[in-house]
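Peer 1: Residue-level listing of the chains:
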Amino acid sequence: MPFISLFKRRTAEGGELKKDRSHIRVGIPKFLNVWSTHRFWIGFLKALGIPAKNIVFSSDTSEEQFREYGKGRIGMDSCYPVKVLAGHIGELLTTKKLDIILAPMVYSLPSFLRGHVVDTLSCTRVPMSVENIKAGFLKECNEFEKHGVKFVNPFVSFAEPHLLPKQLYESLKDALDVSYEEVERAVKKGLEELKRFDSEMRKKTREILEWCAQNNHPCILILARPYHMDPGIGHEIDVEFQSLGYPVVWGQYLPTDKDLMDWLFGAEIEAGIIKSPFDISDVWTSSYSSNTNEIIWGAKFAARFPWITAVVRLSSYECGMDQPTYTPVQKIVEYSGTLYFKFGDLDETRPSGSIRIRVETIDYYVKKYSPHIIERKLKRLEERKVPEGFGVIPPPRNASTST
Amino acid sequence: MEVIQQYRAYRPRPLKGEERGKVKIVYGGLTWKHERLIQGALENAGYKAEPLPEIKRADLDIGKELIDTGACCPTTFTAGNLARFLKEKSEREGREGVKEGYVFVTIGACGPCRFGQYHESYERVLENLDFKDFRMFLLDLLQMEQNEGGLEITMPLTFGLVYSMFLGDLMTDMEYAIRPYEVIPGETDKVLKESIELIYDRLKNRPSRGKKWGSLLWHVTTPYFVKVLKEVRELWDKVEVDRLRVKPRVKITGEFWLQTHEGDGNYNIKRWLEQEGAEVIPPPIAVWMDYLIYLSLWKMEESREFVEKFWLKKAVIKLLLNLYHFTYNRLRKALNNIPNTLPPQEELRSLAKPYFHHFLAGGEGYMLIGKALYAHLNKHAHMICELSPYGCMPNTMSIGAMQAVLGKYPDLLYAPIEIKGDAEVHALSRCQMILTEAKKRAQREFEEALERTGLSVEDIRNYEDERPELRKATYKVPHYGYAGTSANYVMHVAKLMGRV
Ligand code: SF4
Ligand code: SF4
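In order, the protein sequences belong to chains A and B. The first sequence begins at 1 in full-length UniProt numbering and counts up one residue at a time. The second sequence begins at 1 in full-length UniProt numbering and counts up one residue at a time.
Simulated from the structure, these hints should not be mistaken for laboratory data.
Cut-off 25 Å, straight-line C-alpha distance, at most; resulting in silico cross-link-like pairs (DMTMM-like, lysine to aspartate or glutamate):
| id | chain 1 | residue 1 | chain 2 | residue 2 |
| --- | --- | --- | --- | --- |
| 1 | B | 48 | B | 194 |
| 2 | A | 342 | B | 127 |
| 3 | B | 353 | B | 302 |
| 4 | B | 64 | A | 347 |
| 5 | A | 139 | B | 347 |
| 6 | A | 188 | B | 308 |
| 7 | B | 299 | A | 174 |
| 8 | B | 132 | A | 268 |
| 9 | A | 96 | A | 145 |
| 10 | B | 299 | A | 119 |
| 11 | A | 173 | A | 143 |
| 12 | A | 203 | A | 240 |
| 13 | B | 420 | A | 77 |
| 14 | A | 18 | A | 177 |
| 15 | B | 56 | B | 127 |
| 16 | B | 408 | A | 77 |
| 17 | A | 139 | B | 437 |
| 18 | A | 367 | A | 236 |
| 19 | B | 314 | A | 119 |
| 20 | B | 439 | B | 276 |
Just need the whole structure built from these sequences, with the hints factored in.
Peer 2: Next comes the structure, spelled out in structure tokens:
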């Protein structure tokens with residue numbers, strides 16, 4: 001496509017759709033990093049003329065889904081979040097009457113941590129899983145062809161947004177009969193949608209944190225990969241805490257507003273320990289992976305924010321990316337006096353009884369220690385300007401200053 | 001716990017310029033041959049250097065105890081190995097002696113998989129052994145700079161390391177091509193050792209041509225290493241081989257550390273295969289660098305519209321690639337082309353294309369599929385033995401993708417072996433089953449070649465008596481479209497005899 005760059009400038013703004021695509025049905029497996037980019041895909045497909053009702057996601061992960069549609073499709077052992085992709089694709093293929101299955105190979109992600117980290121790559125398994133699971137549907141015969149479905153798996157590097165139009169055009173031009181300009185416009189729309197969604201979520205989280213501050217109420221931070229929001233992967237541990245009355249926030253959507261950042265990280269920036277609030281090099285020296293970087297940053301946030309008095313870490317069985325982070329994350333959190341709990345090795349089995357018991361134990365500790373933790377962390381921030389909305393309430397008198 | 005305390009990551013004390021030549025650089029992760037040659041390159045640059053001890057089964061258990069659970073087996077083995085080194089050294093030289101007298105240098109970049117985070121596990125080792133003030137430095141492949149002048153990555157050192165890699169690879173290829181056919185058992189290993197010592201000595205004493213352009217020019221143009229290899233060839237000339245032994249050729253692929261390794265870390269699988277009657281095709285490290293350079297070229301091509309001076313940059317990378325291959329082939333030639341060529345990356349990429357996107361980096365990327373198909377379709381091997389570490393992220397993914405390949409090429413003999421450390425019997429017996437089939441194929445090929453040429457083994461033996469150079473280890477037998485060495489040899493003799 002050597003000449004694309006010449007005419008793309010002329011046609012980048014505005015422009016009509018080349019053809020009517022309102023009848024096309026596109027299925028997207030709800031797996032791995034689709035959990036953090038789904039808004040992009042919706043915006044992108046809508047901009048190409050596919051109505052929202054024709055954009056179909058697979059169901060949440062479940063044992064039944066895997067058993068029914070995924071078994072026998074995978075030829076290796078892997079972490080659970082990858083394994084279940086077979087069920088998602090099988091379900092889409094068998095039950096949704098689609099024209100296209102779109103399973104993006106998300107190589108890198110847009111991340112608010114860009115700048116002071118080396119890269120924002122996905123775990124290698126994330127993009128590779130698609131080629132892996134696809135093979136399970138090709139090994140005996142081409143199952144996609146049999147069902148009259150086109151399988152498209154574009155390689156997408158969100159960290160290099162200027163390459164997205166090309167990557168998506170290459171992979172979708174035949175399946176959707178699109179022009180480069182249409183794809184370019186659609187990418188822009190998709191990215192806008194994603195950004196809007198992301199900032200809305202951060203705003204919501206800020207509101208929760210402000211409420212905690214105003215009511216001097218402890219809050220729980222979940223540190224996990226985005227797909228742990230899938231009930232089949234994260235086992236709804238967050239919901240358990242909510243049902244006990246705790247506001248629960250996720251690391252991915254913590255607020256990043258300047259006033260809040262100055263309050264929490266300002267002193268360390270002034271001391272030259274870090275270059276910006278989003279610099280994690282003081283605790284993590286190999287910042288290649290976007291999700292990992294964000295988990296590390298979330299831990300730093302928790303270590304400084306007074307009303308996050310407990311961090312709950314979720315991790316899937318055989319997660320290779322999480323493995324080297326266990327000790328550093330725990331230390332980042334615990335050194336600050338914040339409570340740390342880990343639910344590791346999550347897989348398909350969901351021992352709700354034992355999860356409940358652990359949650360209750362955690363509840364006991366959080367109740368007991370939160371007042372001290374809040375007070376001690378506030379003390380550390382004494383000298384700094386409190387951001388608006390966090391009208392700080394003086395800690396209760398009887399809280400001690402040491403553990 | 002102190003309220004205001006915040007956790008900070010491990011930072012090594014700097015290694016100062018004046019410490020160079022006093023403090024020993026410790027490194028590891030490759031074969032003993034490569035490591036000995038690297039030692040020569042480092043000593044040439046004025047460092048004291050020592051490879052880590054050979055990996056042992058015990059390292060896995062030590063590693064498991066010290067680092068977070070769930071690590072892949074190369075991480076666990078190498079972390080345990082470092083721990084054993086620290087323990088054993090401190091018993092002999094005292095903790096202070098170890099802290100002051102050694103620094104550990106490891107590659108720390110490459111990003112996408114755990115490889116980029118190995119050092120986190122090494123840190124757990126230092127922490128749990130109370131060795132936090134032992135110095136460990138990360139060499140980022142792209143930013144080879146280290147602090148305070150103690151570790152300085154100069155042109156001569158970089159070239160020394162590249163040549164160590166090339167020469168280590170070539171000697172490994174010689175070793176595996178010859179040992180299965182050696183007439184006097186043990187001779188290959190003896191000659192190999194002598195060769196490595198000779199090359200080590202020359203690497204160490206290579207002339208200095210300054211630190212910049214002079215050195216660059218010298219390393220790119222010099223016949224110095226070709227001359228060294230000619231001396232090496234004379235050593236190998238004396239090894240007598242019997243190429244009429246029918247052996248299946250087994251190509252090793254898999255995760256970088258595991259496929260390169262020669263020891264307990266991969267059940268000593270290359271030696272084991274030889275004992276089981278196979279000829280092994282080992283994977284050169286140079287392929288890996290070639291792959292990385294190609295990846296960067298293709299990445300740049302993908303974003304050509306956004307790259308300033310694209311054509312110039314492309315020309316520079318192409319030139320670099322040409323030089324790389326030219327040098328490798330020039331060295332191969334000095335050994336009469338017995339070592340294998342580097343597989344063509346463009347072709348590996350296109351073979352793998354329907355199954356694996358070439359930008360999916362991590363593990364072997366597209367190479368796992370590309371190499372297997374390349375060897376199979378070009379009849380370079382009877383069987384592929386793919387080594388995958390327990391708990392590996394990328395490799396398990398490409399193995400899964402191989403399902404579709406095997407659906408299309410059902411006659412590809414493929415043995416994916418998971419290395420766990422404690423499941424040796426299971427892994428080896430799986431491999432053996434496929435090897436049995438490969439043996440049959442090698443035998444069939446051999447018989448077919450005899451039939452085609454009308455020769456008998458006795459005819460060939462008689463002919464060998466007239467032309468004893470045929471039995472030299474350094475005699476090159478061309479490829480006649482058979483995977484097996486013996487079948488190609490039959491064809492070659494027939495050709496010499498004017499039969500085909
Ligand atoms: S990050 Fe962990 S759980 Fe997620 S795909 Fe990678 S290995 Fe699996
Ligand atoms: S490629 Fe696999 S075995 Fe190698 S470091 Fe990465 S995860 Fe570990």
